[in-house]
Amino acid sequence: MLIKGYQPDVYTYNILIRGLCKKGILSSAHEVVNEMSSKGIQPNAITYTTLIDGFSKAGRLQEAHDLVTEMSAKNLSLNIMGYNSLISALSKQGMIQQALEIFGDMSSNGCKPDIFTFNALILGFCKIDKMDEALGIYRDMFQEGVIANTVTYNTLIHAFLRKGKTQEALKLVNDMLFRGCPLDEITYNGLIKALCNDGAVERALGLFEEMMRKGSKPNHVTCNILINGFCRIGKVQNALEFLRDLIHRGLTPDIVTYNSLINGLCNNGRIREAQNLFEKLELEGVCPDTITYNTLISSYCKMRMLDDAYTLFTRGIAVGFIPNSVTWYILVRNFVRKSYESVTTLT
Numbered sequence: 001m002l003i004k005g006y007q008p009d010v011y012t013y014n015i016l017i018r019g020l021c022k023k024g025i026l027s028s029a030h031e032v033v034n035e036m037s038s039k040g041i042q043p044n045a046i047t048y049t050t051l052i053d054g055f056s057k058a059g060r061l062q063e064a065h066d067l068v069t070e071m072s073a074k075n076l077s078l079n080i081m082g083y084n085s086l087i088s089a090l091s092k093q094g095m096i097q098q099a100l101e102i103f104g105d106m107s108s109n110g111c112k113p114d115i116f117t118f119n120a121l122i123l124g125f126c127k128i129d130k131m132d133e134a135l136g137i138y139r140d141m142f143q144e145g146v147i148a149n150t151v152t153y154n155t156l157i158h159a160f161l162r163k164g165k166t167q168e169a170l171k172l173v174n175d176m177l178f179r180g181c182p183l184d185e186i187t188y189n190g191l192i193k194a195l196c197n198d199g200a201v202e203r204a205l206g207l208f209e210e211m212m213r214k215g216s217k218p219n220h221v222t223c224n225i226l227i228n229g230f231c232r233i234g235k236v237q238n239a240l241e242f243l244r245d246l247i248h249r250g251l252t253p254d255i256v257t258y259n260s261l262i263n264g265l266c267n268n269g270r271i272r273e274a275q276n277l278f279e280k281l282e283l284e285g286v287c288p289d290t291i292t293y294n295t296l297i298s299s300y301c302k303m304r305m306l307d308d309a310y311t312l313f314t315r316g317i318a319v320g321f322i323p324n325s326v327t328w329y330i331l332v333r334n335f336v337r338k339s340y341e342s343v344t345t346l347t
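Read left to right, the sequence shown gives residues 1 to 347 (UniProt numbering).
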């Protein structure tokens, strides 16, 4: 550009700064601003806002704050993007009071908050478990004419679920549906997991079916949560039937799915079925991991089937299984016990 005699202007520099910030090359982006000034090109509000956004997302809040001060000295005002970047960064770091101060400055300067502003503040309060304050921001949104979206609800719902308050989360789901806000995979997965943890697996299964009906495709996480939920309450047969249904619907189980089933079968004394399922992994193109081997080896040892445990161990080693400290502990503990019992019998 310079070779051809074209001189870059503020818009050209802003594009360059935006590109550097997106790649995380913040020091170079800042140097470009200094270069602009040396060439008599004054950075504008967009220049600073772009830099503030970059530094905020990188968690470099002091540098972002210094840029705000620099802007003020040049009589430049932050726009909505700049305010949101600062509020979001502060909220993510649990610095909610500082975020509220920025929010106050925003209102004083006549900059109207949007959905991103409110979502950032709600996240900040949820991160420090101040749910009443988070709900207060949620109510303020509507008073300001801002409609909550799926991100808003997911933040609140997951915060309640983390605290074990499933009923409060479900109330928000009802509000979400009443307002016509769609549930996504994140919403469903959180609710299904919470219900499974509460032992309400059938209710969780109902949510799964609703998820399918509404066209929200479940992923491996969803399926694994339900299979693990069935296994935890001893309903391994239901888990196996659910797996068959998943395969019929075109969903491919992963190793986490199979590990949950193998563990469930072992815990219910169905070790041969667990072994058969293990043998099917290769046919399904799924590679067993350390958890798979340790689960079966441990179960064989508990059933005093040490020959089977050792056979599986050596077979695994032959195909690339790398035992960890848990594997060695299981084997050594049980084989030493067997030796001790043999000596005791002889004496």
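Read the hints as simulated data drawn from the structure, not as lab findings. Among the hints, a few may not be true.
Said to hold, decoys possible - Derived DSS-like pairs (lysine-lysine); straight-line CA-CA distance at most 27 angstroms:
hint, residue 1, residue 2
1, 235, 193
2, 165, 22
3, 193, 92
4, 57, 74
5, 127, 235
6, 127, 74
A quick note: this is a predicted structure, and the numbers were derived from the prediction, not measured.
Okay, the hints, checked on the actual structure:
1. 235 to 193: Satisfied, since the Cα-Cα distance of roughly 16 angstroms is no more than 27 angstroms.
2. 165 to 22: violated (38 angstroms)
3. 193 to 92: holds (24 angstroms)
4. 57 to 74: holds (24 angstroms)
5. 127 to 235: The hint is violated at about 35 angstroms.
6. 127 to 74: Not OK: residue 127 and residue 74 at ~35 angstroms, beyond 27 angstroms, violated.
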